[in-house]
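**Student:** Please take these sequences and the hints and turn them into a complete structure.
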Amino acid sequence: MGLETQVTSPFLATRMDEVINWGRKYSMWPMPFGTACCAIEFMGVVSSRFDISRFGAELVRFSPRQADLLLVMGTITQKQAPVLKQIYDQMPNPKWVLSMGACASTGGFYDNYTTVQGIDEIIPVDVYVAGCPPRPENVIGAVVKIMEKIDREKAADWR
Amino acid sequence: MMTEADVAAKVQERFGGRILAANAFRGQSVVTIAPKDLREVLLFLRDTLAFEWLIDVGGVDYLGYDDGPGKDEREWRFEVVYAMLSMANNVRFRVKVAVADESVTVPSVWDLWAIANWEEREVWDMYGIVFEHHPNLRRILCHDEFVGHALRKDYPITRRQKLSAPSENILCDRSEIA
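Keeping their order, the protein sequence lines are chains A and B. Under my numbering, think of the first position of the first sequence as 1, with each following residue one higher. Under my numbering, think of the first position of the second sequence as 1001, with each following residue one higher.
Worth flagging that the hints you see were computed from the coordinates, not collected in a lab. Where is the CB? At the ideal position from N, CA and C, for every residue including glycine. Watch out, some of these pointers could steer you wrong.
[To be verified] Estimated spans, in silico, between C-beta atoms of each pair:
(1) B:L1112 x A:F55: 55 to 61 Å
(2) B:D1066 x A:W158: 57 to 63 Å
(3) B:K1036 x A:F62: 51 to 57 Å
(4) A:S53 x B:D1056: 42 to 48 Å
(5) A:G56 x B:S1164: 35 to 41 Å
(6) A:N138 x B:P1135: 45 to 51 Å
(7) A:C37 x B:S1164: 24 to 30 Å
(8) A:G56 x B:V1060: 50 to 56 Å
(9) A:I40 x B:D1101: 43 to 49 Å
(10) B:K1162 x A:S47: 35 to 41 Å
**Tutor:** Listed below in structure tokens is the structure:
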């Protein structure tokens, strides 16, 4: 965000963390990396019935450079793995990763030569969502988990 | 009205002793031939029997395959299957090519049907069967750093192979345009 670099007093930094984290957690910009049926379920997550915008994360960006929440939704093949890594690297700090569904988290039932056995082989993951595909409530629950994680962070850690 | 059995009879009449095996299962007829006869048989099907469409080219690995009690072991390890369709006569037919091992090559038919280009690449990628005179015999499904052939029965089921960097041609395969 850049604000944290301006704060030098320790007391002020503690209070600033709360302000910055409050801003971050209610305005996450997701970058959808949808490769399979979980991405169809994500349409339900962003649409009006479940509506992820109630949690401030509705502004879906299709450029990783404008996003801070990477949603990996679907099977990741070995051929695609370096692409996912590149997209993660292109996202500016601070950034969080949500692994949606069995395939992204563990490879799912694709226990074979072509599928990455969980995206945590390539990039760090903050929250795993179980399900094949997960219910939209489940995904929103995971977004709330990431909010709770942001609450515990210090802004300076992301420098 | 031509049936699959009629097609099989015509192919057998024309090629006789060069057919290694011919059988039918639930109305689906198959002939098995040697690689050297492939182009001749497919051209006969295309030009004489109006099989204008090559539907699919697939591979099979029969390593360790059990044909059931009383059946001999197979003389060839691989088969390449050509699925044909005649829209003029509304009939389907399939031709199998017996490939003894990986040292045997199969003539490419990409100049007869353009789709064979990609289909043969897939068979090569998955089974390691080489197609002679193919213009671009590269991997099509597995990544460029992949070693071995994944659908062979002796490929270890738990072996994983990572790709170090995104493929140059992942969005547009320019080798096909050139």
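**Student:** Hints first: check each against the structure and report whether it holds.
**Tutor:** Hints and how they fare:
Taking the beta carbon of each, L1112 of chain B and F55 of chain A are about 58 Å apart, inside 55 to 61 Å as hinted. Separation of D1066 of chain B from W158 of chain A is about 60 Å and conforms to the stated range, judged on CB atoms against 57 to 63 Å. For the hinted restraint 51 to 57 Å between K1036 of chain B and F62 of chain A, the CB-CB distance of approximately 53 Å keeps it satisfied. Between S53 of chain A and D1056 of chain B, the C-beta spacing of about 46 Å keeps the proposed range 42 to 48 Å intact.
The hinted range of 35 to 41 Å is satisfied by G56 of chain A and S1164 of chain B, whose Cβ atoms lie roughly 37 Å apart. For the pair N138 of chain A and P1135 of chain B, the beta carbons lie near 49 Å from each other, so the given range of 45 to 51 Å is met. For C37 of chain A paired with S1164 of chain B, a C-beta distance near 29 Å keeps the hint of 24 to 30 Å intact. Checked against the hint of 50 to 56 Å, the C-beta distance between G56 of chain A and V1060 of chain B comes to roughly 54 Å, which is consistent with it.
Checked against the given bound of 43 to 49 Å, the beta carbons of I40 of chain A and D1101 of chain B, roughly 44 Å apart, stay inside it. Take K1162 of chain B and S47 of chain A: their Cβ atoms lie about 36 Å apart, and the range 35 to 41 Å holds.
Checked against the numbered hints listed earlier, the structure breaks none of them; every hint is satisfied.
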